[in-house]
Amino acid sequence: MHQNQNTSSQDSKEKRPKFFINDHIDILVEILKRLDGPSLGVAACVCHLWSTVARNDTIWEHLCFRHVSSPPPCSVRHVVVALGGYKRLYRVCMRPVLSRLSDSDMVKRVWTRDEIQLSLSLFCVDYYERSGRLGAGGGGDASASSLMFLCNTVNV
Amino acid sequence: MGPYGSTTCSGVSRSASSSSSSSVTKPPADIDGCLADAGYKVRSSDLRHVAQRLERLETVMVNSPGDLSHLASDAVLYNPSDLATWVDSLLTEFNHQPLISLPSDLDFSDGAVINNPAALPRETWTDNSSVIAAAPQQNHNQLTVVTAMEEDSGIRLVHLLVTCAESVQRGDLALAGSLIENMQALLTRVNTSCGIGKVAGYFIDALSRRIFSPQTVGSASGSVHENELLYHYFYEACPYLKFAHFTANQAILEAFDGHDCVHVIDFNLMHGLQWPALIQALALRPGGPPLLRLTGIGPPSPDGRDSLREIGLRLAELARSVNVGFAFRGVAASRLEDVKPWMLQVNPKEAVAVNSIMQLHRLLGSDTNRNSPIEMVLSWIRNLNPKIVAVVEQEADHNKPGFLDRFTEALYYYSNMFDSLEACAMQPEKALAEIYIQREICNVVCCEGAARVERHEPLDKWRTRLEQAGFRPLHLGSNAYKQASMLLTLFSAEGYRVEENQGCLTLGWHNRPLIAASGWQVMSMPEATTNQEAVGIINQNNNPNHI
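Order-wise, the sequence lines are chains A and B.
Per the UniProt record's numbering, the first sequence starts with residue 1, numbered consecutively.
Per the UniProt record's numbering, the second sequence starts with residue 1, numbered consecutively.
Since the hints were made in silico from the structure, they are not lab data.
The reader is advised that the hints may include incorrect statements.
Coverage of chain B stretches by chain A, computed from C-beta distances (three or more under 8 Å per stretch; other residues unrestricted) [unchecked claim]:
#: 1; region: 270-276
#: 2; region: 315-323
#: 3; region: 476-485
Each residue gets a CB set at the ideal place from its N, CA and C atoms; glycine is no exception.
With the rest of the complex left out, here is chain A (with noise of 0.2 Å):
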């Protein structure tokens, strides 16, 4: 490393290319889509780049289908766009979904379909619900949400 810096410094006539990861948000993505939840959100906090960037949907769907058993079919992607989009999913659903299934290590888990259809119901139910308290529609005075039970702990 002291060489290195020795070299470089030596070398800073020389203009000798450096790599920042900002110049090439291809790789940036292909990094942020490995990795989990929380740490997408500490990556988001980063810098405006970084947080326009994570807020790419692709990114959130890799990892709310990454551990799936066999790959969603691709009608999924429309629906879940319609409804709010993966990052949405993601927050709303998937990750309160997640950690109340299982108890071990949520990023390692295989996702069954069952629970990946469930989520997607719920999510449903979630948009539906806004779309009532936007509107003038008959539920928009009922502020609450079928999926605040999701955001309760667990029962220790």
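With the hints as your guide, set chain B onto chain A.
For chain B alone, kept in the frame of chain A given last:
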């Protein structure tokens, strides 16, 4: 005295021990030998009772807000070798309360002091009750600290409630009224924020409404908007309605497999919370989504707002987002029996599913002047030839003809339901869900005739009724069971149980099922006629009545 043992026995034992403790040298045969060697006289049959009392005494002493020195100076306790009496008198010292007054034929206590309940001082009780209120709320096992007197008061409350109901059934409203007053006084001594105190409070309120102000009972039902709101909070606070929706959806989804035009008839639309999940599941089903029609039945809105249509629009917007062809129709009817099949506009080519979440029991009020509504509705359902009829009902027997039977059933059922609600920590969802349940209780207890719509019947009775009406059961299958179990795991409360009951699923609290979901299909026509038609034989002597 003791909660489980017979109360008269302890009274007898007390007098027996006080007489036997005087001069006898050898303990009688029923006195426990080991304790007798240590100098204590306890009957073997009383051992469990005394042990419980000692535990409670210890709890009371540990939790007592004041110091215990008064026990050394002021208390006069005789004969400590008679352990049972000694412990009981110590407990009484702590509570400084004589027992509640009761008419002599109803006094199931140990025959001790009878006083005017109105004159009883309150201070000591508030000390004890504040200790109890401080018990940690996150103790989901509900092992709240109770004093001996409080547990007794709880038992006594139940006893009084049942006696009051029995006198209502007999028509003795004067006695019932005085029992209400006794119970209300007793209520001040128990913790009414949870457990038996809370349930008893609601039942006492319902009984007093029935006895003292029967004319106001009908107006307690609330506006349509209010009911929908309370229903929504009940949906949030506990898993019963979620279980109902998800299980029914799974059954409907499986029944619609392979069909491209499907029609769901919902007997009670409310906010339409059941349908987003079905729309999403249909959107993602292999082979693509079908064309979905939804007919939602609901009460008309009084203020001229077409709430059914508003819900339909919201669902349509959701369906459009996920590319499911969707059409909605609202049918406004205040009672299900007012709905006629032509209003539903069922297309013969489409696959029909009928969805009834806690609606069929409202049809069970019998009116001898005309056809029973339940039979009428079941017959037009049958004529629609649905692929599935999803039925979810409360698993309770609240339609017995005798008032006392109904009352005691309801007391047991709603105690379990309130216990399960304790697990919910969300406010105001929990409080409003309780109001929702309280309205059901009021209807079961206070109303009669056409006004009583909460006529719950257990699964077995529904099975018989539906089979007689020409339906056969559809087993709900393992997918529904898995989904229900997963849903329960997401709820942080221990204690809920999903069980399978001959193809139907029930959700309950500990050992008591509280809600049951089942699926039904129309029983096919007799095999004989269809076979004959297939083969081309036409029997000219066709007897239309042969089954």
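**OP:** State whether the coverage of the region 315-323 of chain B by chain A holds or is violated, taking the criterion as 3 or more residues with Cβ-Cβ distances under 8 Å.
**Re:** Since 6 is at least three, the answer is holds.
Original post:
Counting residues of the region 476-485 of chain B that have a beta-carbon nearer than 8 Å to any beta-carbon of chain A, does the count reach 3?
Top reply: Result for this restraint: holds, n = 3.
Subject >> Coverage assertion for the region 270-276 of chain B with respect to chain A, Cβ distance below 8 Å, three residues required >> reply: It holds, with 4 qualifying residues against the three required.
Checked against the numbered hints given earlier, the structure satisfies every one of them.
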